[in-house]
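First to last, the sequence lines map onto chains S and V.
Number 551 in the numbering used here belongs to position 551 of the first sequence; there are no gaps in the numbering.
Number 839 in the numbering used here belongs to position 116 of the second sequence; there are no gaps in the numbering.
Among the clues, some could well be false.
What the hints assert, rightly or not - 27 Å max Cα-Cα, derived DSSO-like pairs, lysine-lysine:
id : chain 1 : residue 1 : chain 2 : residue 2
1  : S       : LYS524    : V       : LYS745
2  : V       : LYS745    : S       : LYS532
3  : S       : LYS467    : S       : LYS345
4  : S       : LYS515    : V       : LYS746
5  : V       : LYS746    : S       : LYS532
6  : S       : LYS702    : S       : LYS662
7  : S       : LYS515    : V       : LYS745
8  : V       : LYS815    : V       : LYS792
9  : V       : LYS741    : S       : LYS532
10 : S       : LYS317    : S       : LYS356
11 : V       : LYS834    : S       : LYS532
12 : S       : LYS602    : S       : LYS693
13 : S       : LYS524    : V       : LYS746
14 : V       : LYS815    : V       : LYS741
15 : S       : LYS515    : V       : LYS834
16 : V       : LYS792    : V       : LYS726
17 : V       : LYS741    : S       : LYS515
18 : V       : LYS726    : V       : LYS741
19 : S       : LYS436    : S       : LYS388
Hints in this document: simulated from the structure, not taken from any laboratory.
Bear in mind the structure is a predicted one, so any value in this text is a computation, not a measurement.
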Amino acid sequence: MKLYDHYIGSLLLTAAITSILAILVYFQKGQKTVVKITFISYCVSLVVWSSGQAWALQETNPLLSLFIVRYYCHSGVVFIPILFIHFLFSLMEEDVKRFKTIVCLYLVGIVFFIFNIFTDYLVKGVELYPPVFQYVYLPGKLHPVFVLFFIFIVVYGNIFLFKNFKNARGVKRDQLKYLMLAIFLSYLGGTPNFLLGYRIQVAILMPFGTYLLPVFVGIITYTIVKYRLLDIRVAITNVGIFFLLYTLVLGVPFYIFATGLRFIALCVMSVLATAGPFIYFYIQKRAEDSLLKEQRAYQATLRQASGGMGRIKDLQKLLHMIVYVVTRTVRLEHAVIYIYDDVKKIYKLGAFKHRKSSVIFRQDIAESHLIIDYLSKNHVSIIAEEIKQKVKDYQDGQLLAIEAFTREIDASLIVPIYIDNRLVSFVGLGKKESGKLYTDDDLSVFSILSNQAALAIENANFYEDMKLTQEQLFQAEKMATIGIMADGLSHQINNRFHAMGFIAGDALDTIHMNKNLEMSDKLKEIMAALDKALLRIQENVTQGGEVVQGLLKYTRKGEEGFSPVDVDAVVSSAYEMAQFKIKSYQMDLIRDYDKNLLPKVKGNSSQLQEVFFNLIDNAYDAMMQRKNDFKEHEYHPKLIIHASVHGKIMEMIFEDNGTGVKEEDVQKLFTPFFTTKLSSKKGTGLGLYVIRKIIEDNHKGKVEFSSKYMEGTQMKIRLPIAM
Amino acid sequence: MAKLLIVDDETDIREFAKSFFKKRGIDVTTASGGKVALEIISTENPDLVLLDVRMEEMTGVDVLRHLRKTNQTTRVIMVSGVEDPETINEAKALGVLGYVHKPLVLEELEKIVLSELNK
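Make a model of the complete structure from these sequences and hints.
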């Protein structure tokens, strides 16, 4: 093989690879954007030139060689610079703004094209150029002008990119840097082709430089097809090492071969060819290591940290740790984690950490948000840059929503976390402080982190559930203990009341029996006062007895199982139960139903009693709060209990005219341990939670809630009617 | 003279109930526990027994059970501070005239007792 056979080879390689890449881009799914169309056109012009040049140089027939080089090859050449600059403009989204410039350039191109076809100003002819090639074209009068134009466009393109580069930040900046490098290299390899026309030989530059062209086209294709320039630095380094190494491995022996030392050339070549791959992998690894040195260090830290996550039992602490560790080790501007809330059915803000930015993160994301849908279905990390590119190509609603969201939380990367294929959480990662890009390596580390986080979250959830269950068990046990205590206590208290009642009754009896005795007026007055006092004692004894009864009913373990229950009777006993707190003159209780017409419901009377008690108690608290806090004239607390039958369902509404609930609190009402009651009379926060459990889980009924602040609250309960 | 037996382990209850009913010309005997009560019933044969349910040594229902083995006729009214459906049902099954709840106002008890004794 002769030295300049490499030139032919590199031209053919350029033609082949460029054609394949152009076809790849053409058949890629999605819209045909201007970027793609200009790129494909640019590829076509390159293919026409490279294939035409290769053919013409080897053609033995001078007439045919001239025909090819003029009408075929140069028809491509004249459009290369214009399509190149058009492509750059559209890549930078300035094609609309620079429409006039583009049109002018195309006109210039057409002028050159016309001169080329109809005159010999561009290609004067061909002449024999042995021993290197068969026929090489002779440049015409206009040819140097074209070369200058060509070089001008290339320089202009690079200046254009450089200006963009200066204004760009972060990801875009890096992309542009490497794009400029790629263009520089490719034109370093491509432009010297013109030297051939002027019979100037630059030993290495021309024959081997053309190899850089397919590399350049490859990189651009990669950016268009893959939507990401994430690891372009590594990609370029790898590709660069490969080409340099093989230029060396093949070039050196060829050079030796050309000087005539054929045997030595053969030996050198076989040694280099054998060692080549090893040298390549060695250099590649060293290059990657040094390029990604910082990254490798934090990846090790992240791996370590992710191992430790499983030991954290507190979910909130865990979430804080995740964002803290990630922002710190990777040096991110910020990170945020959202976590699924089983009760509210939303993804709520779990934790976030700022280092440099001050993004405000929204509190929650609806389950129906398109990004949730995307992550649930696709099981991949979302790369903001990639989505941005895809949006341009597809104009898809979901992608638009995702892009808007990534912009909102300023995330470069969103890493999902799944448990059993269910999206339980996701982490939004901001830009790296260094402005460097996320690499594929990063993605794989984050996916390990995500798996570890999933396990840790599951653990923490388990602990939290267990804690809650234990608390509930403890609560139940406490209630049982109180029940036993209350039983003994109420016996004692009742006996005391009973005795007191008897003592008062007997004393009263003595007074009554002796009221006809002769007595001074003063004594009569005293007797009357004593009589009144003893009667009051008796009344208090009766009331006290009722309180004890109510308490006893509340604490006594309800009979298991369900039976037909008379709701009116349960309302009565619940109200009675509430008497230890509520004085009957403080509020009106209105029963808006005819108890004789009401059918029985299927239920557990002690559970229902607890529900009604809680509802009456809540209503009372809300009404007292309104009364005490707002001191409105003519306000009187009023609780109306409605009951009506709808088919097989009894609907009861407890309607009060208390403070009502503020809108922001409505969502949280059924959450365990949430309470709006003032701290002084703070409830356990379990009331509504227990109500919902009893009505919906145990009775297969339904609880609905509506409330208006400062108007009152309506609790609607639906229960099945006993058949 | 009608005979009334009051069984209760509370001294105050026995004492004041006795005082109250004595004023109404009733022969009142009291017992502080079940064993004494059973003895008195067998020797004195009262017309009516007011029997407390919860007592230390023997419950009212235990007393009733023993009593009913030999004696089906003595009239008994149970007095209890604690409602327990099982106890109430058993007492009813053992043949009691009534089951009244503590705390009770004497006048009401008087009505119940007098109406029974006058039968």
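The hints, checked one at a time:
no.: 1; hint: LYS524(S) to LYS745(V); verdict: 25 Å, holds
no.: 2; hint: LYS745(V) to LYS532(S); verdict: 24 Å, holds
no.: 3; hint: LYS467(S) to LYS345(S); verdict: 21 Å, holds
no.: 4; hint: LYS515(S) to LYS746(V); verdict: 14 Å, holds
no.: 5; hint: LYS746(V) to LYS532(S); verdict: 21 Å, holds
no.: 6; hint: LYS702(S) to LYS662(S); verdict: 22 Å, holds
no.: 7; hint: LYS515(S) to LYS745(V); verdict: 18 Å, holds
no.: 8; hint: LYS815(V) to LYS792(V); verdict: 15 Å, holds
no.: 9; hint: LYS741(V) to LYS532(S); verdict: 23 Å, holds
no.: 10; hint: LYS317(S) to LYS356(S); verdict: 22 Å, holds
no.: 11; hint: LYS834(V) to LYS532(S); verdict: 21 Å, holds
no.: 12; hint: LYS602(S) to LYS693(S); verdict: 16 Å, holds
no.: 13; hint: LYS524(S) to LYS746(V); verdict: 22 Å, holds
no.: 14; hint: LYS815(V) to LYS741(V); verdict: 26 Å, holds
no.: 15; hint: LYS515(S) to LYS834(V); verdict: 21 Å, holds
no.: 16; hint: LYS792(V) to LYS726(V); verdict: 22 Å, holds
no.: 17; hint: LYS741(V) to LYS515(S); verdict: 21 Å, holds
no.: 18; hint: LYS726(V) to LYS741(V); verdict: 11 Å, holds
no.: 19; hint: LYS436(S) to LYS388(S); verdict: 18 Å, holds
Violated hints: none; the structure is consistent with every hint.
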